[in-house]
Amino acid sequence: MNDTSRSEAPTKSHKGAISRFLNSTEIDTRLLGMLGALTLIWVGFHFYGVIFNNFGAFLTPRNLWNLSVQTSSIGIMATGMVLVIVTRNIDLSVGSMIGVIAMAMGLLQVEILPHFVGIGHWSIWILAVIAGLIFGTLIGALHGWLIAYRSIPAFIVTLGGLMVWRGMSFLSAGGRTISPVDSTFALLGGGPYGAVGAVGSWIVGALACLGVAYIIYTGRKSRRKHDFRLRPIWAEYFLAIVGWATIIGAVLLVNSYPWPKGIVRQYGTKIGQDLEGTFISHGFAIPVLILITVGICMTILVTRTRFGRYVFAIGGNPEAASLAGIDTKWVTMKVFALMGMLTAIAAVIASARLNSATNALGTLDELYVIAAAVIGGTSLAGGVGKIYGAILGALVMQSLQSGMVLIGFDSAIQRIVVGVVLVLAVYLDILYNKRVK
Amino acid sequence: MTNTGTPLVELKDISIAFGGIKAVDQVSVDLYPGEVVGLLGHNGAGKSTLIKCLSGAYKADSGEVHINGKQVTINNPRDARDQNIETIYQTLALADNLDAASNLFLGRELIGSGGFLDESRMEAETRKIMARLNPNFQKFNVPVSALSGGQRQSVAIARAVYFDAKILIMDEPTAALGPQETEMVAELIQELKKQGLGIFLIEHDIHNVMKLCDRASVMKNGLLVGTERVEDVTEDDILSMIILGKNPKVAV
Numbered sequence: 016m017n018d019t020s021r022s023e024a025p026t027k028s029h030k031g032a033i034s035r036f037l038n039s040t041e042i043d044t045r046l047l048g049m050l051g052a053l054t055l056i057w058v059g060f061h062f063y064g065v066i067f068n069n070f071g072a073f074l075t076p077r078n079l080w081n082l083s084v085q086t087s088s089i090g091i092m093a094t095g096m097v098l099v100i101v102t103r104n105i106d107l108s109v110g111s112m113i114g115v116i117a118m119a120m121g122l123l124q125v126e127i128l129p130h131f132v133g134i135g136h137w138s139i140w141i142l143a144v145i146a147g148l149i150f151g152t153l154i155g156a157l158h159g160w161l162i163a164y165r166s167i168p169a170f171i172v173t174l175g176g177l178m179v180w181r182g183m184s185f186l187s188a189g190g191r192t193i194s195p196v197d198s199t200f201a202l203l204g205g206g207p208y209g210a211v212g213a214v215g216s217w218i219v220g221a222l223a224c225l226g227v228a229y230i231i232y233t234g235r236k237s238r239r240k241h242d243f244r245l246r247p248i249w250a251e252y253f254l255a256i257v258g259w260a261t262i263i264g265a266v267l268l269v270n271s272y273p274w275p276k277g278i279v280r281q282y283g284t285k286i287g288q289d290l291e292g293t294f295i296s297h298g299f300a301i302p303v304l305i306l307i308t309v310g311i312c313m314t315i316l317v318t319r320t321r322f323g324r325y326v327f328a329i330g331g332n333p334e335a336a337s338l339a340g341i342d343t344k345w346v347t348m349k350v351f352a353l354m355g356m357l358t359a360i361a362a363v364i365a366s367a368r369l370n371s372a373t374n375a376l377g378t379l380d381e382l383y384v385i386a387a388a389v390i391g392g393t394s395l396a397g398g399v400g401k402i403y404g405a406i407l408g409a410l411v412m413q414s415l416q417s418g419m420v421l422i423g424f425d426s427a428i429q430r431i432v433v434g435v436v437l438v439l440a441v442y443l444d445i446l447y448n449k450r451v452k
Numbered sequence: 002m003t004n005t006g007t008p009l010v011e012l013k014d015i016s017i018a019f020g021g022i023k024a025v026d027q028v029s030v031d032l033y034p035g036e037v038v039g040l041l042g043h044n045g046a047g048k049s050t051l052i053k054c055l056s057g058a059y060k061a062d063s064g065e066v067h068i069n070g071k072q073v074t075i076n077n078p079r080d081a082r083d084q085n086i087e088t089i090y091q092t093l094a095l096a097d098n099l100d101a102a103s104n105l106f107l108g109r110e111l112i113g114s115g116g117f118l119d120e121s122r123m124e125a126e127t128r129k130i131m132a133r134l135n136p137n138f139q140k141f142n143v144p145v146s147a148l149s150g151g152q153r154q155s156v157a158i159a160r161a162v163y164f165d166a167k168i169l170i171m172d173e174p175t176a177a178l179g180p181q182e183t184e185m186v187a188e189l190i191q192e193l194k195k196q197g198l199g200i201f202l203i204e205h206d207i208h209n210v211m212k213l214c215d216r217a218s219v220m221k222n223g224l225l226v227g228t229e230r231v232e233d234v235t236e237d238d239i240l241s242m243i244i245l246g247k248n249p250k251v252a253v
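Sequence lines, in order, name chains A and B. Here the numbering used here is used: the first residue of the first sequence is 16, the next is one more, and so on. Here the numbering used here is used: the first residue of the second sequence is 2, the next is one more, and so on.
Treat the hints as calculated values from the structure; they're not laboratory data. All residues carry an ideal CB built from backbone N, CA and C; glycine is no exception. The reader is advised that the hints may include incorrect statements.
[Stated by the list, open to error] Sample of chain B residues lacking proximity to chain A, with all beta carbon distances greater than 10 Å (derived):
| # | residue |
| --- | --- |
| 1 | Lys-60 |
| 2 | Gly-70 |
| 3 | Leu-178 |
[What the hints assert, rightly or not] Computed cross-link-like contacts, EDC-like style, restricted to lysine to aspartate or glutamate with a CA-CA straight-line distance of at most 20 Å:
| # | chain 1 | residue 1 | chain 2 | residue 2 |
| --- | --- | --- | --- | --- |
| 4 | A | Lys-449 | B | Asp-97 |
| 5 | A | Lys-240 | B | Glu-120 |
| 6 | A | Lys-236 | A | Glu-41 |
| 7 | B | Lys-194 | B | Glu-182 |
| 8 | B | Lys-247 | B | Asp-237 |
| 9 | B | Lys-60 | A | Asp-242 |
| 10 | B | Lys-60 | B | Asp-97 |
| 11 | B | Lys-167 | B | Asp-80 |
| 12 | A | Lys-236 | B | Glu-182 |
| 13 | B | Lys-140 | A | Asp-242 |
| 14 | B | Lys-195 | B | Asp-215 |
| 15 | B | Lys-60 | A | Asp-342 |
| 16 | B | Lys-129 | B | Glu-192 |
| 17 | A | Lys-236 | B | Asp-119 |
| 18 | B | Lys-129 | A | Asp-43 |
| 19 | B | Lys-212 | B | Glu-182 |
| 20 | A | Lys-240 | B | Asp-62 |
| 21 | A | Lys-240 | B | Asp-80 |
| 22 | B | Lys-140 | A | Asp-43 |
| 23 | B | Lys-140 | A | Glu-41 |
| 24 | A | Lys-344 | B | Asp-80 |
| 25 | B | Lys-195 | B | Glu-232 |
| 26 | A | Lys-236 | B | Glu-126 |
| 27 | B | Lys-247 | B | Glu-236 |
Just chain B, same shape as in the assembly:
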């Protein structure tokens, strides 16, 4: 598969610094429809920070964000959502004291007659999407703090999927999951790919990267080491990019 046409997302020369330390320095990555791009690197390499500039959690100091070829400004999470960018954070970003439906619709509540929350419809919609993602999920009327790690993860995923995301950011979606649930996430990624979504996947497990991603972008110390098509490189190539910060292909 070769990428032609307009990329879904283009991050151009993104830089952001915290207290004089450049967390992300002139990094450019792109993402095409139906593609999974893995973002790799050590802890502190700047992957999450870079991606937060796209999800609206941070505002880049400089650089441009293009969606479908058009430059956009993303100042806050609401702007990102308006561009159909959905994020599954590593921490899941769930309000533990609220139930699944409240979390799923947080910030985008369904409003019924008289301007009041339409709780029943939100719960009904939540039941529908959960039936698709995790048919075993039954705990609709308890705070999400009472759910298992996998169930919480499925609530966070449901939130991203429900609102017709075009661009999905997943920050280590399988870090807290057991093997069965990891498999479930892998299947979901394949299905979403087929639907034409673009997915940025932050992942530490190199096997998952080789299995799930089309391309991999490696970062080290805030700089982009390189972006390679996964089929063109070996696991060792990627590992050396992560550890040494050098692109073996360029070096040769």
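Isolated chain A (complex conformation):
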């Protein structure tokens, strides 16, 4: 406790400069807080390992790469959960939905589709994914219909869903594990083959850098057009450079994690070359790219479309939203359908990563997803939430989990820590909001 009071003192004396800096760059202080917490967790776990296990395993390309893959499925669902919670609802069923959707896709590609198109046909994974997405959207729409048009509380509908869909996933395959899935489908879950490699990662990085430049440039142009206050030019450059540095850093990181020797050898035999000792980079894992794409699409949906605006208006004041002519029921139903679709994407990644569909897949995920959204600043009172916050929240949750695995905490302690962190994060958020007001 003493540490915090000591570290606060110098902050105050610099407050003028810092707040002027934050003002000019328009950086969200909450974002800074989350990045700070994340850094603390990462460095903390690393040095705990260095001190007590003589090996810091956390800040290694291998661990961070795995962390990024593990975050994908929770992160994708958390972006949808933001909208659900913003409209003052909750979805407790996403974990069970993962189970039943993954099982449906597993059965489809292993037991049903091969009868029609033949084993190993190229179209199997596409058909399975499309069917999964439709199935997920329909489940979500059903939840949404019961909640919006039949006025059953979301808590009850999705609590029912939690049990129903888990039961369905057991029944549909009689409790069997469906494995292995289609080989192309499996790439969507990551792994050495399910990553885009060094060159691919540089291309992704270059596109991302262009994207950052484009956003800053068009933002400035539009402000100038309407005579709004412009950020100082140094602040624009600062933001651009920070963005580029982050992107290039991420590319260097994923490219410095090589394929394991066994995989290199296996790949060498397959293409008929001796690759012994060659350094082949993983690059960005495909699920991570899916997460990033989902994050961007959801951010655009939330901030730049009518639908997103209506979602937030309903969360802020449902009565005002309906007096403004918004069809609040239809919007609510669409939010749950969207949640279902995102859960299906997460189910693709989770089952592909495991290379199988088990009836326990996704158990307890709903709690991690809700925790990720809430840690990311989504208010359970509704009306407030950020997509990037939820993704960072998922990263925080996953960092805690895999960090504790790395330093050898057993699962009982892991749960205690995650539970405490969740409560603490929400408490800090409440304190933060009080100070802002």
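Put chain B on the given structure of chain A with help from the hints.
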């Protein structure tokens, strides 16, 4: 001033009941262009309920709504807006978590290229209208929950005025305001009158009614007591209509 020609709004025999209780019972009122009609009565007299049948928040059980002499159906707030009916609710009906521009354009967002919201244009338009209504207003980028009562009121008024309303419904617009802001609303009402808008004003303060309204319709227990031209009656006449539910002129 006498009202001739077609009324802007005619509510004919409007009735609406909630759970067997007749909140509004066979009430007819009308409104002419450039006129302010005050709606008076105790709490629970049915004023707000009647007016919500016009703004689309409720659907009347029976009765007709005529706009410019033509019968129209108003099933929801969107229908009302299509008839150029704008409402300033007593609760203001603002989404507290959104900023002024988002509230002003709520349900009628400006769409730019690619079908996306045109945030900058909406903010620019909001700045324009606020400069006219409340030149001191500067808080454009904060949620309206951070605004004062008067500032929130001006956002709600701006929303009604911006979209070229022909018919304006104001439900106790000055209830939460200080004297200076009340004066501002009074001036605005006069200005809108000059532009030829028709205004239904729900108001408790009898002085404001005498000052701002051309006619006053009094309701009690869901029934219309009577409609009188303000210049023909005294404050006491109106008060007795509100309290006793009797029209003194008819009684004499």
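Lys-129 of chain B paired with Asp-43 of chain A [C-alpha distance capped at 20 Å]: violated (28 Å)
10 Å Cβ clearance of Leu-178 of chain B from chain A: holds (19 Å)
Pairwise hint evaluation, Asp-43 of chain A against Lys-140 of chain B, where the allowed Cα distance is 20 Å at most: Given that 20 Å is the threshold and the Cα spacing comes to 18 Å, the pair holds.
Agreement of Lys-60 of chain B and Asp-242 of chain A with the hint, judged by alpha carbon distance not exceeding 20 Å: violated (44 Å)
Distance restraint between Lys-236 of chain A and Glu-182 of chain B, which requires alpha-carbon spacing of 20 Å or less: violated (37 Å)
Restraint status (C-alpha distance of Lys-129 of chain B to Glu-192 of chain B at most 20 Å): Judged against 20 Å, a Cα distance of about 17 Å means the pair holds.
Agreement of Lys-247 of chain B and Asp-237 of chain B with the hint, judged by alpha carbon distance not exceeding 20 Å: holds (12 Å)
Hint consistency between Lys-195 of chain B and Asp-215 of chain B [alpha-carbon to alpha-carbon, up to 20 Å]: Roughly 13 Å separates the two Cα atoms, so the pair holds.
Proposed proximity, Asp-62 of chain B with Lys-240 of chain A (alpha carbon, max 20 Å): Status violated; Cα separation ~50 Å.
Restraint status (C-alpha distance of Lys-194 of chain B to Glu-182 of chain B at most 20 Å): Roughly 18 Å separates the two Cα atoms, so the pair holds.
Pair hint Lys-60 of chain B and Asp-97 of chain B, alpha-carbon separation not exceeding 20 Å: violated (26 Å)
Pair hint Lys-247 of chain B and Glu-236 of chain B, alpha-carbon separation not exceeding 20 Å: holds (14 Å)
When held up to the earlier numbered hints, the structure conflicts with 9, 10, 12, 18, 20 and 21 and fits the remainder.
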